[in-house]
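S.K.: Chain residues, written in single-letter form:
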Amino acid sequence: MTKDECKQVVLDIIADIAPDEDLTNVKPDVRLRDQLQLDSMDFLDIVMELRKRHGIEVPEADYQQLASLDSSAEYLTPKFIALGK
Amino acid sequence: MNSATHYDVAIIGAGMSGLAAGIRLAHFGKKVCIFERHNAPGGLNSFYSLAGRRYDVGLHAMTNFVRPGVKGTPLGKLLRQLRIDRDEFALCEQKQSRVAFGPRGETSLCFTNDFTMLEAEVAQNFPAQIDGFRRLVAVVRAHDDVSLDAPAESARTIVRRHIADPLLEDMLFCPVMYYGSATEHDMDFGQFVIMFKALYLEGFARPYDGVRVIIRVLLEKYRAAGGERRMKCGVRSIVAREGRATALVLDDGGEITADHIISSIGAPETERLMAPSVQPPASDIQSSSLNSALRIPHSAFPIGVLSFVETITVLDRQPAALGWGEDTIIFFNDSHRLHYARSEDQVDVRSGVICIPNNFDFGPGRELPEGIFRCTCLARYDRWADLPEATYRADKARWYAAIQRSAHRFLPPPPAPDTLARAMIGTDMFTPRTITKFTGHLGGAIYGSPVKNRQGRTALANVYLCGTDQGFLGIVGAMLSGISMANYHILQKG
Numbered sequence: 001m002t003k004d005e006c007k008q009v010v011l012d013i014i015a016d017i018a019p020d021e022d023l024t025n026v027k028p029d030v031r032l033r034d035q036l037q038l039d040s041m042d043f044l045d046i047v048m049e050l051r052k053r054h055g056i057e058v059p060e061a062d063y064q065q066l067a068s069l070d071s072s073a074e075y076l077t078p079k080f081i082a083l084g085k
Numbered sequence: 001m002n003s004a005t006h007y008d009v010a011i012i013g014a015g016m017s018g019l020a021a022g023i024r025l026a027h028f029g030k031k032v033c034i035f036e037r038h039n040a041p042g043g044l045n046s047f048y049s050l051a052g053r054r055y056d057v058g059l060h061a062m063t064n065f066v067r068p069g070v071k072g073t074p075l076g077k078l079l080r081q082l083r084i085d086r087d088e089f090a091l092c093e094q095k096q097s098r099v100a101f102g103p104r105g106e107t108s109l110c111f112t113n114d115f116t117m118l119e120a121e122v123a124q125n126f127p128a129q130i131d132g133f134r135r136l137v138a139v140v141r142a143h144d145d146v147s148l149d150a151p152a153e154s155a156r157t158i159v160r161r162h163i164a165d166p167l168l169e170d171m172l173f174c175p176v177m178y179y180g181s182a183t184e185h186d187m188d189f190g191q192f193v194i195m196f197k198a199l200y201l202e203g204f205a206r207p208y209d210g211v212r213v214i215i216r217v218l219l220e221k222y223r224a225a226g227g228e229r230r231m232k233c234g235v236r237s238i239v240a241r242e243g244r245a246t247a248l249v250l251d252d253g254g255e256i257t258a259d260h261i262i263s264s265i266g267a268p269e270t271e272r273l274m275a276p277s278v279q280p281p282a283s284d285i286q287s288s289s290l291n292s293a294l295r296i297p298h299s300a301f302p303i304g305v306l307s308f309v310e311t312i313t314v315l316d317r318q319p320a321a322l323g324w325g326e327d328t329i330i331f332f333n334d335s336h337r338l339h340y341a342r343s344e345d346q347v348d349v350r351s352g353v354i355c356i357p358n359n360f361d362f363g364p365g366r367e368l369p370e371g372i373f374r375c376t377c378l379a380r381y382d383r384w385a386d387l388p389e390a391t392y393r394a395d396k397a398r399w400y401a402a403i404q405r406s407a408h409r410f411l412p413p414p415p416a417p418d419t420l421a422r423a424m425i426g427t428d429m430f431t432p433r434t435i436t437k438f439t440g441h442l443g444g445a446i447y448g449s450p451v452k453n454r455q456g457r458t459a460l461a462n463v464y465l466c467g468t469d470q471g472f473l474g475i476v477g478a479m480l481s482g483i484s485m486a487n488y489h490i491l492q493k494g
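Taken in sequence, the protein lines are chains G and Z. Each residue of the first sequence is one higher than the one before, starting from 1 at the first, in the numbering used here. Each residue of the second sequence is one higher than the one before, starting from 1 at the first, in the numbering used here.
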């Protein structure tokens, strides 16, 4: 999995949990919270959908790694590769 | 076939909160079963048929309505968390509601789903109070009402810092209390904030077909996520060992086990399931005033003393034909002060809530097929509970008439004195006894115990509360309660 594919995985999840958000111009280097209306319940859902759909575990201490699309890709891509994806 | 004997999570009660918790848990792969004693889902907000006619019970209006695009409010959170598209609820907005005080409702405050209406009404009717009102609104907006560990504070005390006119104070409290308060006279400020936002800053709406639309959406989400439910199958007791629940004994005598149990049936009701051999005597019912409630230790949840009656009148024409086409909900009080407390008599008709479901805006040319007039008043459980059947029926008929007489004072008089009597084609009425019979809530206490338990913990480590007694109010609050407790106690822990 490439970093761009990884960003798309996160965007797909956000599109499902927050269908009322416009995701066409999300900037990868800006915190998601600063450009979208996402609260702590939504971030919990991103973590849980990663587990449900892709078998990826994000421990609570690492939640801040999902702050932006870029940081998510940095953090998640090795996890996908480790799973052979 | 629902024949499993072990679940990751067992949920007691298929009301709004239990269904919402179930959807979350099933969506994330938990093996879940909801056990419901009644044959219909919905709990305190349900529906039934009588003489070929369909009735809603409980819900007058869904509170917390915001228009599409308004984010960060309870309705938006609930839709996201349950993966519901807001079009599925097909909500139709109220026309207008009002609070009417005085023997004939001489002082009134109208409000709509646009908050500036209430603000303008306060400015016009209470010009000396408008600055204080605006300060109060700022405090309400800034308050973190979903915190799970906020200390209890008196709402009256905080409101009086900003509102000096007792009439305005009571008029603001009246809808807030009637739509959710389990405490007499006063309420916890956190609960006041939840309801103030839900009623005044957000608003009222309902689906054309009523509460059954919401229940149907929840049931379908739950089923699609793989959740199981067993209807007409209540839980008789919770078996515990070393501080944990080990099994549930069902009404049919069967036993199941579960890693976690979420109970939506109320705090005192859940405590009774845990200790079925210890039945407190009826005199155990305690005062629900906030002060006494605050002194009760955290683990004790007194049975609420606030119960209600509701009358439903079906008309052969639209209420507008009687001159009643403007107001969706009317909160009335004929006295100088509001007496939101356990009724001395079987019913207290001095104050109450009128709901005219026809007066939601269902769109051009779309109206409910019959006129509906609903009226709710405070009632006293112990004066209804043990009456012989003949007396019970006679008392219902007597109070039905008294409630109509009281409520009609706050509406324009019908065109001719006998118009209303000729328009009536059906009536029904529920009492505190009905509430306990169909929902299991002790004391007919719709809003549950005066002591709320925000974290939902119980004496058993793997049993949690959701719903009314967890303390998020209204049906949106109930659903958020189920969601929050499922997240907090189960899903966040992996």
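Any given hint might turn out to be false.
[As the list claims (entries may be wrong)] Label-pair ranges, simulated between beta-carbon atoms:
(1) V70/Z - D34/G: 34 to 42 Å
(2) E57/G - S237/Z: 17 to 25 Å
(3) Q37/G - Q492/Z: 20 to 28 Å
[As the list claims (entries may be wrong)] Per the computed footprint, the stretches of chain Z lying under chain G, defined by three or more beta-carbons under 8 Å from a beta-carbon of chain G, are:
(4) 48 to 56
(5) 481 to 492
No lab work stands behind these hints, which were simulated from the structure alone. Glycine included, every Cβ here is placed at the ideal spot set by N, Cα and C.
S.K.: Does each hint hold? Answer for all of them.
M.R.: Verification of the supplied hints:
1. V70/Z - D34/G: 34 to 42 Å: 19 Å, violated
2. E57/G - S237/Z: 17 to 25 Å: 37 Å, violated
3. Q37/G - Q492/Z: 20 to 28 Å: Hint holds: Cβ distance 21 Å, inside 20 to 28 Å.
4. 48 to 56: violated (count 0)
5. 481 to 492: holds (count 4)
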